Amino acid sequence: MKMKNLHKLPIEYLWEGLVLKDNIYDSTGYTLLIPKGEVLTGEKLRKLYNFNKGDRNITVHEEGFYDIIASEHMLPEKRQELLEKLSGYSSLTDNVNGMLHNIDIGIEADEIDKLVDNISDKLIKIDPVTIFSCINFPRPMDEGLQRHSLNVALMNALMGKWLGLPEDDVRTLVLAGLLHDVGKTKIPEEIINSPRRLTSAEYNIVKLHPVFSYEMLGSQFGETVRDIARHHHEKLTGDGYPDGLKGDEISLLTRITTLSDIYDAMVAKRTYKEANLAFDVFDMLYRDEFKGLDRKLVMIFLKNLRKRYVSKKVLMSDGKIGFIRFIPGNDASHPIVEQGERLSQTDDNWYCKEIITM
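All the letters of the sequence shown, read from the start, carry residue numbers 1 to 358 under my numbering.
Check the hints yourself; a few may be wrong.
Below, a list of computed lysine-lysine pairs in the DSSO-like style, where the Cα atoms sit at most 27 Å apart [to be verified]:
| no. | residue 1 | residue 2 |
| --- | --- | --- |
| 1 | K312 | K291 |
| 2 | K307 | K269 |
| 3 | K161 | K47 |
| 4 | K47 | K36 |
Just the calculated beta-carbon pair ranges, DEER-fashion [said to hold, decoys possible]:
| no. | residue 1 | residue 2 | range |
| --- | --- | --- | --- |
| 5 | G88 | R342 | 32 to 42 Å |
| 6 | E81 | I124 | 16 to 26 Å |
| 7 | E341 | H101 | 25 to 35 Å |
| 8 | P242 | W15 | 50 to 60 Å |
| 9 | R287 | D318 | 38 to 48 Å |
| 10 | K303 | K186 | 34 to 44 Å |
| 11 | D94 | L32 | 32 to 42 Å |
| 12 | K85 | G17 | 24 to 34 Å |
These are calculated hints, taken from the structure and not from any lab test.
Bear in mind the structure is a predicted one, so any value in this text is a computation, not a measurement.
Note that beta-carbon positions come from the ideal geometry of N, C-alpha and C, so glycine has one too.
The task is simple: from the sequences and hints, build the whole structure.
Laid out in structure tokens, this is it:
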């Protein structure tokens, strides 16, 4: 009889020396392969490969699954790959990619609605920290636009919910996040994917993308979404682009999208710059390094994230696991972490390398 509550896991995610806290079954969940309590030797790993005859998956109960995933022995790239697959983030990225590539030839309203519904459904089921783990992980350059669009849509939706906005506004925020940068498809690839910092002339070309987005989005997307796409680079101080709007001339939904857009840009890796760690970006936002943002929105964003990161498991720079116990509001880049009997604030020599959400 097949066991319940089993999680599928690729064999490659196991390692020699792992002490099993749970039974390992074959990919069907019917056949016990290795009982709990045993040490996984090289010979036993080879037997797993041979037994499955090309099927690279085994199954374990939920407790054993999370014990393996959260181990410091697992490569961050492997853990991230599984996180994105299990959370549904990978499939959403594929859907967004298809939408962006078809924008010029027209997209059925039903197709857009399904994607927005899918994102809304994920937000109900997934911990916000898991969403941010997908957002914060360095992404391949060739996936930049679709992942950025999805990330902004996800953050927009979270902000809408944290603010208690009506459901129609939250859906508008999701749609605007998905489409706000579609105008970048009109910018030459050699500029968008430049391996160096842009020249002033190239940057002026990039600054045209909000107008391109506005023009590409037809009336079926609604004037509110088009307005957000056009104005997500405006600043409350009046020195944004393309129209130099300021203060109350910029709508609330646009201000939210601007914050989401900036956060995602700061945690993204570029060929000419390393990605910023999430906690460091928290500090940048707190110190108001990005002039012209809505300060009230920034503080709501930070408050909700700090609250949700507390008690999360983290992989520390010494290779050991710890737990976040407190994140100082004015020094978020140095959270207080518990590791065994140690409880202290992180510093440049002992810091969080990765937040483990699975």
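Taking each numbered hint in turn, which are not upheld by the structure, reported in ascending numerical order? Going through the list in order, the structure violates hints 1, 3, 7, 9 and respects the others.
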